[in-house]
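K.L.:
Please model the complete structure; the sequences and the hints are all you need to start from.
Each chain, written out:
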Amino acid sequence: MATTIIETGGLTRSYGDICALKPLDLQVPEGEWLSVMGHSGSGKSTLMNLVGGLDRPSAGSLMVGGEDLLALSEDGLARFRREFVGIIFQQHHLVPYLTAVENVMLAQYFHSVPDEAEARSALERVGLGHRLKNRPGELSGGEQQRVCIARAIINSPKLLLGDEPTGNLDHKSTVMIMELLKELRAEERFTVVMVTHNQEVAAWGDRTIYLDDGVLVREERTNS
Amino acid sequence: MVAVKLIPQLISWFGIVLVLLRGFPGLRSVVTTTSISGFAIGVSGAFFMFRSLPAAIPFGAVKSALGVSFLLLWGISVAAIYRSTGRRVTISSGARLVNTSIGAGTGAVLAGIITGLVCACRISGTDGNFPKLLFLVLIAGILTVIALAVEKRLPASLTVSPSGMLTAVVALLLFCSSSSLRLDLFSPLSMKVMKGVHDFVHQFMESVLIPDHLFVRSVVWGYIGLLFGKEVGFWGGMIIWFTPAILIALAINFQRLPSVAHIRQGARRRKLLADAIRNKRMLLITPLFSLAIFAAAAYQSSFPSVEYWDPKPEPVTASPSGEIFIPKKGEINLEDGKLHKYLFKQEGKEARFFVLLSPAGQLTVDLDACAICKPDGYGQAEGSVICYYCKTLIPLDTVGKPGGCNPVPIQFTEKADGVAIDGMTLLNAWSSTVRATARVKEGGK
Amino acid sequence: MHRRRWLLQLILRALAHRKGRTLLLLAVLAMASSLATALGIVSSSMGKRVAEEVRKYGANLIVIPESARLDVGSGGLNFGVVSEPAYLPQRQVEDALNKSGLKVERSFHLRGAMHWKDSDLMVEGVNFADIRRLFPWWQLKGRWPAAGETVVGSDLATRLKLKPGDTLELDGKAQTLRLRISGIVSSGGEEDGLLFLALPELQQALGLDGQLTLVRLMVTAGKDSLKKNAAELQLLLPSAKVNEVRQTARTSEGLLAKVKLLMIMVTAVVLVSAGSSVAGTMSTTVLERGKEIGLMKAMGGTRWEVMLIFCGEAAMLGVLGGVAGYLFGSVIAQFITRTVFSASAEFIPWFSGISLGVSLFLALLGSVGPMIAVFKLDPVRSLRGE
Numbered sequence: 001m002a003t004t005i006i007e008t009g010g011l012t013r014s015y016g017d018i019c020a021l022k023p024l025d026l027q028v029p030e031g032e033w034l035s036v037m038g039h040s041g042s043g044k045s046t047l048m049n050l051v052g053g054l055d056r057p058s059a060g061s062l063m064v065g066g067e068d069l070l071a072l073s074e075d076g077l078a079r080f081r082r083e084f085v086g087i088i089f090q091q092h093h094l095v096p097y098l099t100a101v102e103n104v105m106l107a108q109y110f111h112s113v114p115d116e117a118e119a120r121s122a123l124e125r126v127g128l129g130h131r132l133k134n135r136p137g138e139l140s141g142g143e144q145q146r147v148c149i150a151r152a153i154i155n156s157p158k159l160l161l162g163d164e165p166t167g168n169l170d171h172k173s174t175v176m177i178m179e180l181l182k183e184l185r186a187e188e189r190f191t192v193v194m195v196t197h198n199q200e201v202a203a204w205g206d207r208t209i210y211l212d213d214g215v216l217v218r219e220e221r222t223n224s
Numbered sequence: 001m002v003a004v005k006l007i008p009q010l011i012s013w014f015g016i017v018l019v020l021l022r023g024f025p026g027l028r029s030v031v032t033t034t035s036i037s038g039f040a041i042g043v044s045g046a047f048f049m050f051r052s053l054p055a056a057i058p059f060g061a062v063k064s065a066l067g068v069s070f071l072l073l074w075g076i077s078v079a080a081i082y083r084s085t086g087r088r089v090t091i092s093s094g095a096r097l098v099n100t101s102i103g104a105g106t107g108a109v110l111a112g113i114i115t116g117l118v119c120a121c122r123i124s125g126t127d128g129n130f131p132k133l134l135f136l137v138l139i140a141g142i143l144t145v146i147a148l149a150v151e152k153r154l155p156a157s158l159t160v161s162p163s164g165m166l167t168a169v170v171a172l173l174l175f176c177s178s179s180s181l182r183l184d185l186f187s188p189l190s191m192k193v194m195k196g197v198h199d200f201v202h203q204f205m206e207s208v209l210i211p212d213h214l215f216v217r218s219v220v221w222g223y224i225g226l227l228f229g230k231e232v233g234f235w236g237g238m239i240i241w242f243t244p245a246i247l248i249a250l251a252i253n254f255q256r257l258p259s260v261a262h263i264r265q266g267a268r269r270r271k272l273l274a275d276a277i278r279n280k281r282m283l284l285i286t287p288l289f290s291l292a293i294f295a296a297a298a299y300q301s302s303f304p305s306v307e308y309w310d311p312k313p314e315p316v317t318a319s320p321s322g323e324i325f326i327p328k329k330g331e332i333n334l335e336d337g338k339l340h341k342y343l344f345k346q347e348g349k350e351a352r353f354f355v356l357l358s359p360a361g362q363l364t365v366d367l368d369a370c371a372i373c374k375p376d377g378y379g380q381a382e383g384s385v386i387c388y389y390c391k392t393l394i395p396l397d398t399v400g401k402p403g404g405c406n407p408v409p410i411q412f413t414e415k416a417d418g419v420a421i422d423g424m425t426l427l428n429a430w431s432s433t434v435r436a437t438a439r440v441k442e443g444g445k
Numbered sequence: 001m002h003r004r005r006w007l008l009q010l011i012l013r014a015l016a017h018r019k020g021r022t023l024l025l026l027a028v029l030a031m032a033s034s035l036a037t038a039l040g041i042v043s044s045s046m047g048k049r050v051a052e053e054v055r056k057y058g059a060n061l062i063v064i065p066e067s068a069r070l071d072v073g074s075g076g077l078n079f080g081v082v083s084e085p086a087y088l089p090q091r092q093v094e095d096a097l098n099k100s101g102l103k104v105e106r107s108f109h110l111r112g113a114m115h116w117k118d119s120d121l122m123v124e125g126v127n128f129a130d131i132r133r134l135f136p137w138w139q140l141k142g143r144w145p146a147a148g149e150t151v152v153g154s155d156l157a158t159r160l161k162l163k164p165g166d167t168l169e170l171d172g173k174a175q176t177l178r179l180r181i182s183g184i185v186s187s188g189g190e191e192d193g194l195l196f197l198a199l200p201e202l203q204q205a206l207g208l209d210g211q212l213t214l215v216r217l218m219v220t221a222g223k224d225s226l227k228k229n230a231a232e233l234q235l236l237l238p239s240a241k242v243n244e245v246r247q248t249a250r251t252s253e254g255l256l257a258k259v260k261l262l263m264i265m266v267t268a269v270v271l272v273s274a275g276s277s278v279a280g281t282m283s284t285t286v287l288e289r290g291k292e293i294g295l296m297k298a299m300g301g302t303r304w305e306v307m308l309i310f311c312g313e314a315a316m317l318g319v320l321g322g323v324a325g326y327l328f329g330s331v332i333a334q335f336i337t338r339t340v341f342s343a344s345a346e347f348i349p350w351f352s353g354i355s356l357g358v359s360l361f362l363a364l365l366g367s368v369g370p371m372i373a374v375f376k377l378d379p380v381r382s383l384r385g386e
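The listed protein sequences correspond, in order, to chains A, B and C. According to the working numbering, the residues represented by the first sequence are 1 to 224, in order. According to the working numbering, the residues represented by the second sequence are 1 to 445, in order. According to the working numbering, the residues represented by the third sequence are 1 to 386, in order.
Worth double-checking, as some hints may not be accurate.
Under the rule of at most 25 Å between Cα atoms (straight-line distance), these lysine-lysine pairs were calculated in the DSS-like manner [unchecked claim]:
1. K158/A with K271/B
2. K312/B with K99/C
3. K99/C with K349/B
4. K345/B with K415/B
5. K374/B with K195/B
6. K345/B with K103/C
7. K141/C with K163/C
8. K132/B with K5/B
9. K133/A with K291/C
10. K103/C with K349/B
11. K19/C with K99/C
12. K338/B with K328/B
13. K349/B with K374/B
14. K19/C with K133/A
15. K312/B with K228/C
16. K345/B with K99/C
17. K374/B with K401/B
18. K192/B with K401/B
19. K163/C with K117/C
20. K401/B with K328/B
Simulated from the structure, these hints should not be mistaken for laboratory data. Computed from a predicted model, the values in this text were never measured in an experiment.
P.N.:
What follows is the structure in structure tokens.
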């Protein structure tokens, strides 16, 4: 029986009158690949932000990796994010004036000390050994997403969060990215929480939960 | 009143307790009790010493204690820098001892005793009574408790290495002693350096090494003259003063980072490195802070807030027979134990001198200049006169005796109603003294 | 790689990415700090300049015999009024000056009348070396006289139709002198109507050995006021009258004060406008880079660490602007002093500290608002693009 890495109890997040996430109870065992599906505005991104320590819940309890995120200070949350979480964004969010290697090194800088050799090998691992010195503007969407993945895993996070990582990619690139993530998970054994509205992408996970209007409506296991 | 006079000392005491508490984590109670009891021992020890012995002895004792602690810091700093170069020095048993409760207790007691002595000296220099001293111990106790509370609130990452702790404690001790004139170490130190250089160059000149002064070019004389200035003493003193703290900071800076090559996971490897670097930086804070305190002590010593009794020289004239007569009573009472300065001018020549009643009840007439320094003159402070140029304190008992930086004594005849000095003798003594001291200053011409 | 070096690299990359904006900010900062530096340099050189100007205007104290009634302010010296000329013994004046210990430049004058052809000429005996030092604005056609020579004031020369090379025969009370004219001098003042010869020659010719009618002194303005100096000197010279010639110095000081005030006002205006333009540009930059800031925070940078990066950028701009400002400011100062005061400004190295300080202060002050925005920015919202 694997230990639980994410445990929420009555987790709620409201913005003024709008309740983005109704009280939610969720457990994620360590090493699981959880897909979160729902329409836009269904609260799936809110859930991801809460779990990643980017946002604070309005009510309820939230334990991630043994840390009570509600008890952490602002700087404590930042420490939690850099040591525990890696995030892949739909828009990549690479720093435009830094090369691929430097974008990875930026994550190392916030975590501890920059180490160029390690950043290079991380990029080689995601198959970008030939584009180390290119700026994001010179890379294709798939390549940018791979830089984003290298950056997310460089600090060996326990938890990898994906916010529609393939939302802007064509089918071929999507498959490549998902294959890559699967491979990396096998090696690094991190837990994945991936938000998507794409059924096909969700199917890569072990389990899928469906959110609608901030409420967990359905949950299903994938057989793979 | 007492508390105001002792503000620098009490601040130092607070700092010392704080540093000791940080330096011996986990030994809070030991450090607290031993340091405050040390303080009490120091205060009462000083009290009894002042009661039973002449004032010079307790002052001397405290000064030597301070000097020894500074020398200890020197020793430790040299050992630390030596060790940081990677060589093994067998001080590990000593280092182990430092972290036991015995080591912590001893250190705290010693620091407490010295601080207590310094504080007591500061009061007892004028008058010491028991309630005042009790009050002092009480304040120190309260400060200790405050320090205990403050220390708990300091960030945990702010650690202190044993050598850093020693640096800070010695710096604070020297800072709190620098405000009392008779305990100050920096000015005597720079004076010693100046005199040392002076004597050395003198010997060098006298001996065969430079056969004849005529061979020395005037440019060279200019440089040799530099060696005799106050600046040499000052800068030499500065070097000796700051080196130990700098060495200890360097030793910490040279510390090797932990070997991380064997750790496979990059993130963990980097994390270890980053933590080690941060830790090192935190350890550096105390020695660097101590440097600032050392600087403050040196500043306080160079520009003491003590006010000197320094009357404006009274012009005097000689009688036709060439005799200067100064009456004992009149506008100025010669026998009030204060320094009385006079200025004698004749035919374009002038001489400054003073008359002083020594504690032994003997009148003495001296030039307002010594045989070594530039004639900047003297001022009077509690129990001594000070040479303004080299900041040497000369006890009142020895004023009137020749030698060193003592004022140059002048022959005089004491009469029932005053003192009589021969004008020519005075002028000659002044010009020969001043010429001798100016010669080296102005490059030997 | 060290964190600090990485931080520097990051800052440089970010600045290089927005070249236009970086250059604009640099120009503003350099402009402001260069103006402050230039004004500072000019105004500090001005102090010395005024002292020099005072010197150029010549004597600031004059000593005249007690009984002589002279109108000092106008400088006019009408011998008709003085029925019985009084004299100052030269030795006495020299002694008094030595005793007073003042730092003075002196010029001794003896005025008297000598007979030439049918008329009396006003003749002044001076030491030409002193004249050249104290009255540098005297213009001379020809050359300064040697022994047995004389220079003639330009008005007198025109009136009597004299020219260099002519020889004059002058009758004094004691002697007759044959003098060759070596040059024509013009000062724009009463000197133009006089004839000048060496002091000892005139003293001999008039039979007034060691006597003077006027001593002009140039006391270097020290700590003590001129008034005090004059009073001191008066004590030592009981038989004479010591007067101040203060006008020129006072005017120069007043002018300097006004110029300084003007400079301070201009500098203040420039600094305020530069500061606000820095603030404006910085806030636009921070607004544009919201996503970047959010990303840095999402990656685990604390609010302080992220702010440090942006403060570092501002500080870098400040330092570069300060260096450029110092260099540029020195050039401006040089230009101003060359064109306005026709003198060269000094090279004052410690002003680099001031220009650096001004530029850094502006850059950081201008960034306070934007930095608060950086500090507060919420990563979730900024990443969503709000």
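K.L.:
Is the hinted pair K103/C and K349/B satisfied, with a Cα-Cα distance of at most 25 Å?
P.N.:
holds, 21 Å
K.L.:
Given the proposed pairing of K132/B with K5/B, does the C-alpha separation stay at or below 25 Å?
P.N.:
holds, 12 Å
K.L.:
Do the alpha carbons of K163/C and K117/C lie within 25 Å of each other, as the hint requires?
P.N.:
holds, 17 Å
K.L.:
Verify the proposed pairing of K312/B with K228/C, using a straight-line Cα cut of 25 Å.
P.N.:
Holds. K312/B to K228/C sits at ~22 Å (cutoff 25 Å).
K.L.:
Does K374/B pair with K195/B here, judged by a C-alpha cut-off of 25 Å?
P.N.:
holds, 13 Å
K.L.:
Is it true that the CA of K345/B sits at most 25 Å from the CA of K415/B?
P.N.:
Holds - the C-alpha atoms of K415/B and K345/B are around 23 Å apart, at most 25 Å.
K.L.:
Can you confirm whether the C-alpha distance between K19/C and K133/A stays at or below 25 Å?
P.N.:
At roughly 20 Å apart (the allowed maximum being 25 Å), K133/A and K19/C satisfy the hint.
K.L.:
Hint check: K19/C vs K99/C, CA-CA at most 25 Å. Holds or violated?
P.N.:
violated, 69 Å
K.L.:
Could you grab the alpha-carbon distance between K338/B and K328/B and see if it respects the 25 Å cut-off?
P.N.:
With a Cα-Cα distance of about 13 Å, the restraint between K338/B and K328/B holds, given a limit of 25 Å.
K.L.:
Next pair to validate is K312/B with K99/C; report whether the Cα-Cα distance is within 25 Å.
P.N.:
Cα-Cα ~22 Å, so holds.
K.L.:
Are the Cα atoms of K349/B and K374/B separated by 25 Å or less?
P.N.:
holds, 17 Å
K.L.:
Between K141/C and K163/C, is the straight-line Cα distance small enough, at 25 Å or below?
P.N.:
holds, 10 Å
Checked against the numbered hints given earlier, the structure breaks only hint 11 and satisfies all the rest.
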